[in-house]
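2 protein chains.
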Amino acid sequence: MGESVYSNYPPPLNPAQKAFLVTTVKDWAVQNGLMVRPAPTFVAKESNPHGVLATNAPVTLFPSPFPRTCFEEATALQTVYNQLLIDVDDFISRLWNVHQSVKNEGYTQTLSLGLYRSDYMAHSPSDASTPSLKQVEFNTISSSFGGLSSLVASLHTELLDSPPGHPIAYPSHPLFESNVPPENTAVETLSAGLATAHKAYGLSKSTPSLPTCILFVVQENERNTFDQLALFKQLTKVHKLPVFRLLSSQILDHTSVQSSNPSRPLIYRPPHSPESQFEVSTVYLRCFYAPSDYNTERDWEARTQLERSAAIKCPTVLNQLAGCKVVQQVLAEDAGPNHLASFLDNTDPHVMARLRKTFAPQYDLSTNGRGRELALNPDTAANHVLKPQREGGGNNIYKTAIPEFLNSIPESEWKRWILMELITPPSEAKNVALRSDGEVLGGDVIGELGVYGTILWDQAGGKVLHNEQGGWLMRTKAKDVNEGGVATGFSSLDSILLF
Amino acid sequence: MGESVYSNYPPPLNPAQKAFLVTTVKDWAVQNGLMVRPAPTFVAKESNPHGVLATNAPVTLFPSPFPRTCFEEATALQTVYNQLLIDVDDFISRLWNVHQSVKNEGYTQTLSLGLYRSDYMAHSPSDASTPSLKQVEFNTISSSFGGLSSLVASLHTELLDSPPGHPIAYPSHPLFESNVPPENTAVETLSAGLATAHKAYGLSKSTPSLPTCILFVVQENERNTFDQLALFKQLTKVHKLPVFRLLSSQILDHTSVQSSNPSRPLIYRPPHSPESQFEVSTVYLRCFYAPSDYNTERDWEARTQLERSAAIKCPTVLNQLAGCKVVQQVLAEDAGPNHLASFLDNTDPHVMARLRKTFAPQYDLSTNGRGRELALNPDTAANHVLKPQREGGGNNIYKTAIPEFLNSIPESEWKRWILMELITPPSEAKNVALRSDGEVLGGDVIGELGVYGTILWDQAGGKVLHNEQGGWLMRTKAKDVNEGGVATGFSSLDSILLF
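Those protein sequence lines, which keep their order, are chains A and B. Quick note on numbering: the UniProt record's numbering labels position 275 of the first sequence as 275, and the sequence is numbered without any gaps. Quick note on numbering: the UniProt record's numbering labels position 346 of the second sequence as 346, and the sequence is numbered without any gaps.
Worth flagging that the hints you see were computed from the coordinates, not collected in a lab. Built from N, CA and C at the ideal position, the CB exists for glycine as well. Hints may contain errors.
Said to hold, decoys possible - Here are the simulated DSS-like cross-link-like pairs (lysine-lysine), alpha carbons at most 27 Å apart as the crow flies:
{"id": "1", "chain 1": "B", "residue 1": "Lys233", "chain 2": "A", "residue 2": "Lys237"}
{"id": "2", "chain 1": "B", "residue 1": "Lys357", "chain 2": "B", "residue 2": "Lys399"}
{"id": "3", "chain 1": "A", "residue 1": "Lys18", "chain 2": "B", "residue 2": "Lys233"}
As the list claims (entries may be wrong) - Some residues of chain A that are not near chain B, with every Cβ distance over 10 Å (derived):
{"id": "4", "residue": "Ala19"}
{"id": "5", "residue": "Ser126"}
{"id": "6", "residue": "Ala230"}
{"id": "7", "residue": "Ser256"}
{"id": "8", "residue": "Ala341"}
{"id": "9", "residue": "Asn346"}
{"id": "10", "residue": "Ala360"}
{"id": "11", "residue": "Asn407"}
Make a model of the complete structure from these sequences and hints.
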């Protein structure tokens, strides 16, 4: 079907069809926990003093088409991506060690757990006959939406066969024939990663021995609680493991590291049962990823307490740093030393080439190089962005402004810039979304596919104990969100139909 | 343990324990669909124009103790109760036939489906050594809360073993040791009843043949949607049956009875897909039970259209009438003709006696009778209510006001009154509830246990095709609700721990 699949999708809805779908999606969300706490701009604190109200997560009425080749490539590469950052740790750790060596304490836990999500677009420039997979971002901390994403896939799957055997919930459309979203095992995969770490932690290091548990560290005023609770429920009901949630602001009050014990086990005393003690096998951070999570010295102290403990961290500070954009840029560089190969020394060169293909092409502007050619031609410049070589080195220059800009600066300055191909999502993609405030909005959209992966490795030696791919996330945004429009915008959870 | 179990239950909560339990219950409710739409007094329409907000169903923090003997008796008797009303239909039908004969049309569907709930209290008068089971009400239409009740049992069961293997969600209490609420199969049982009727309906009676479906007929502004959707989901996902929900106000617009077809199949055209036609096998009424559901002639017309169609009704008009209090009073009468026996002619006399024991004792005030003795003695009168023999014959006289009242009227009038023993729930029962608006309230409570049963029978001959018991409901009300208190009251879904 190619690009044309987007042009007549989704099928139009008459008012009765729209009313039915919206009502069904609203009710389904409540019944199945596809929910968020409402934003304060929607429900004021005064009118919900006890915080009981909840509303549907923003969600599309239809699954979005996605190229099968891109989906398969993304899932195939995930376990390679999972491994990519293991040795990057060494690189980043030079920075970290400056601090670490001051303390001169060393690590007591060498196992490290990553729950990752690699985000892609189906790059579909107008001159390409087939779409290709391009990475937008690689998340190494608090990779979210696995819980709710599985629910959206279930919602759309049910709607596609509703009522069973006589589907009429959606108007008919060729894309719906014998087609359902691929299985979405995000909850199972992410929970299995945590359970594997818990098991690898082994017996209690305390004397006397304590029961071990997994600790979710979460933000104050979290609205996305039910996404986290999907993993919590799987760990509790399927893996039968003790799991607790703790606000990051409460870490210092309710956890401690036994300084008398060289293994430094992390002890958790639940606020509601302070006489009970659990030893934390695995700390799962759903916080501490943004500067706004560190408001006081206490927050840094709390993070440090977790880090120096024997608990397996998901992620470690090093692993979080390894996920920074600057590292990913180094990996993506086509020119210069082959960092990618050095970090994945045991990987099949063919697979490495496929991995590299998911990076957006980058070029320097050296004389007679391809980059210079692409940047100076207004037609090809239109698909690119010009970025300064170093962070903070200037503003990005977009598209057709590039030739003019280059001509306005001395040619000797050109080497400070690199040219990157812009990722071009399918231009005709459309969908309809039910926002959390109940507004239903349709229009042109940009879809981002996330693929989940989990890895458990031993930092001492780099041995990989567990490396899995499983589950995905489709997020669909109204195009005008990126252009600064707010009033009519939406950013929704979605699912996919492969074509 | 006897009555004493109530005196130190539930265990007291300190502020941290209470905060933990309330947060856990709030979040669990959202994640698992233990939800209602908020009352307009809590969330005004203006602040939720699209009706997306939802909140937890009112729910107790703790399961309530309930005497095991009473629970077992209630479940044991349910299939007998299910049958009780089959022949009562004949009795009531004399009234109905007056109307029916005018139309002179007759029934085209002789199968009748009942989804019942028999409500009881654990009658615990201070002079009794053991509690006994007394029926409060027998519901024959729209027996609700089966869906949410199963969830409350799951919630309390999970809390009792949370985290798995090291339970600390509740303070410890002897009643919690190796004790969980009994299995609650309300969703499975009620759905199986509907699925059995659907199957018994058989092939389409239309030409050409149409796919058959179950139709839930529901009220406008229903807040208890997610209770209904639990059955809907079970029918769709487990039984794989087409199910639709339709507002009672839309019956005449979207259903029709083919007058040219003597079988009178009920045809449903979904508003969102009017070109699709389904033949309704089974109509499940979650409306039409109260006078307020019949606002216009159109509502009566709609009910009549369903009634005269070939669809199996749950319930039929006759069955709904049979559930009226007046009929149940006739059955309960100790004196006079033995209606109970005549309606259950094939029932073991021993079982019949057990059934009769669940009725609150009723006495006439004949000379030298037990009733007169109980009514005139202030001590025994205190456990009774004096009711006029016929509906509308006067107001009830309660407790110690009875002797004085009788002495104020001529003895010749006494025969117009009957004396009924009041049901005395355990006086020391207490619990804590989270209301839908988030208020947490504790105090003295009255608990009512409902037991679900389903029956499918053929009105032509009275043959029973299906008769099952399964699932239960515990509803717990603050005592002051019954005394007219509103501000501090609650009425909550609950579960039980047997003792």
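Using Cβ atoms and 10 Å as the threshold, tell me whether Asn346/A really stays out of contact range of chain B. At roughly 39 Å from the nearest Cβ of chain B, Asn346/A sits farther out than 10 Å, so the non-interface label holds.
Taking 10 Å as the cut and beta carbons as the points, is Ser126/A off the interface with chain B? Given that every Cβ of chain B is farther than 10 Å from that of Ser126/A, nearest at about 37 Å, it holds.
Lys18/A and Lys233/B: Cα distance at most 27 Å? 21 Å, holds
Non-interface label on Ala230/A, tested against every C-beta of chain B at 10 Å: Given a closest Cβ separation of 7 Å, the condition is violated.
Would the least Cβ to Cβ distance between Ala341/A and chain B come out above 10 Å? 45 Å, holds
Asn407/A and chain B, when compared Cβ to Cβ, separated by more than 10 Å: 53 Å, holds
Is the Cβ of Ala19/A more than 10 Å away from each Cβ in chain B? Not fine: 7 Å to the nearest Cβ puts Ala19/A too close to chain B.
Between Lys357/B and Lys399/B, is the straight-line Cα distance small enough, at 27 Å or below? Between Lys357/B and Lys399/B the Cα gap is close to 22 Å, so the pair holds against 27 Å.
Take the C-alpha atoms of Lys233/B and Lys237/A, compute the straight-line distance between them, and say whether it is at most 27 Å. 21 Å, holds
Taking 10 Å as the cut and beta carbons as the points, is Ala360/A off the interface with chain B? 38 Å, holds
Verify that the Cβ of Ser256/A lies farther than 10 Å from every Cβ atom of chain B, and report whether the claim holds or is violated. 17 Å, holds
When each numbered hint is compared with the structure, violations occur for hints 4, 6.
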